[in-house]
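**Q** Residue numbers (my numbering), protein chains in the order written: chain A, 1398 to 1497; chain B, 656 to 1134.
Please note that a few of the clues may not be correct.
As the list claims (entries may be wrong) - In silico lysine-lysine, DSBU-like type, Cα no more than 30 Å apart, as pairs: (1) A:LYS1412 to B:LYS740; (2) B:LYS731 to A:LYS1485; (3) A:LYS1485 to A:LYS1439.
These are calculated hints, taken from the structure and not from any lab test.
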Amino acid sequence: MLDKKLVRHVAQLAKLEFDDATLEKFTSQLDEIIQMENELTKLDTTGVAPTTHIARQETALRPDQPQPTQTREQLLQNVPEQQAGYVKVPSILDNGEDAQ
Amino acid sequence: MNYFDETIASVHQKLANRQLSVAELNQATIQRIQQLNPTLNSFLAVNDQPVPETSVDSEQLLAGIPLAIKDNILTKQLKTTAASKILSNFQSVYESTVTTKLLAAGMHNIGKTNMDEFAMGSSSENSAFGPVKNPWNLQKVPGGSSGGSAAAVAAGEVLAALGTDTGGSVRQPASFNGVFGIKPTYGRVSRWGVIAFCSSMDQVGVLSRHVADSALILQTMAGYDPHDNTSSSQPVPNFSAINADVRGLKIAVPDEFMGDGVAPGVRQQVQHALDLLAAQGAQIDTVQLPHAQYAVQVYYIIASSEASSNLQRYDGIRYGYRSTEVQNLEDVYVHSRSEGFGDEVKRRIMLGTFALSAGYYDAYFNKAAQVRTLINQDFEKVFQNYDLIVGPTAPTTAFDLGSRIDDPVVMYMNDILTIPANLAGLPAASVPVGLADGMPVGVQLIAPAFGEQTIFNTAQVLENETNFLAQRPQIGGQN
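If we strip away everything but chain A, and leave its shape as in the complex, we get:
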């Protein structure tokens, strides 16, 4: 059974936040999805190997040689905030008035 406390914890892990009404809605929707997922417990999977990928291609190796890719200007083209060729972000520590 999913409760709001757990959903709030998961949101924190996922770097998302919800207002109370949305948290309420998501808790009940996710709970319903998890109820559906619990049907998997009916199956005995003892000793079954998990499948995490289905690529049929063997890993290809290549010499580690430098190759030209995008330029700095191209890579900065979509950066929302930048200065003098650098990506700009706010200070890492809280900038609020009650900062300790």
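Chain A is already provided as a structure; the job is to place chain B on it using the hints.
**A** For chain B alone, kept in the frame of chain A given last:
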């Protein structure tokens, strides 16, 4: 441009014979899109730049042919938004491998198609830029997530469009719109430059009215790509050499695909298609895929887990939307993501983060990965004795707009017949075969890995025998 009476080959003929110029074709296509888009909302961006006048020689089969491209495939012309607010201003600095190959063959990027945000959805209602409408009935969804691509092809805006298929996102909208749509074998096509959702299942596919058009496009864009280590070095056959012959073909119909969950009108059309194949000499038997009933449960854990990881990159730092309501770096991450993603994307990130989190990993992610193995083994067993699995593509025809969007579990269950092929990485297609209550029904063909040719051959028989292409949708079909 009236594409209803054309194929890529017939338009190519006109271009090569100088009956039609590349610029005229481009202009006529743009006009038609601009005329229909306010009604259908199938395109997010249209490339209205005039194309240079070039002559087309008889070897260049795709030269000058306009191609619609799903908006989660990176292109240097036009923005790539994945129908998300978080990428609403994103201009790619590089071109995906699939479009690089098709542009090199002379195709023209005519526009980017609408879709469910980040390809998460089955109705194209989860777009940040408004829902797509079904050209057969504007009250109905076009399916999803490649709903814009399917509606564009169905309404005759283009001859062909690219889609992506992670759990049925090419096949289900193809079925709902009465067009052909194929998802190739996992690895057949490079994923380089395709916005990642679930990396162990995502594949680029093609939608077109005519089977032969998809065959030509798929063979052009397939093949090994050093940029994608999961792409396959298997030789790409000349898919266009279609042999419309099913004599002796061994077809398996899974019991589980024809059960009570499938609408009677859909079942009837699928049975009709099976009868046609039998009349053409195919051998048809009933088989079991006992674990297929768990496909939805397995898929939503695995796809959401991979999505939660793949979508971590949208943090407001290097590209995409950045919130202005910030005091510190953590706020940039949390507010940009919370304001930039829509509800369905958030739901899946949450589900995936939960399934991968400490204390729940074994019960959910690992369990789902184990059941995935059982589903794959079911397929292996059937393909020891059969060439093709056939059943419905979706349990129903297109449902009403707005009818399922608030009920995720009901929406997810709509994908139960398409998901198994993604879990197992098998090639699968939807072929239109008839109407039920005025809406198209698609038959799904699933082949063993790298068996796309069997799909094209069988689909061509169905195209010939059902004469479905004589049917025209309400919107776009009047001319």
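**Q** Between LYS1485 (chain A) and LYS1439 (chain A), does the CA-CA distance stay at or below 30 Å?
**A** Violated - the C-alpha atoms of LYS1439 (chain A) and LYS1485 (chain A) are around 51 Å apart, more than 30 Å.
**Q** Is LYS731 (chain B) within 30 Å of LYS1485 (chain A), Cα to Cα?
**A** The hint holds at about 25 Å.
**Q** Given the proposed pairing of LYS1412 (chain A) with LYS740 (chain B), does the C-alpha separation stay at or below 30 Å?
**A** Given pair LYS1412 (chain A), LYS740 (chain B) holds - Cα atoms ~17 Å apart, limit 30 Å.
Hint compliance for this structure: hint 3 alone is broken.
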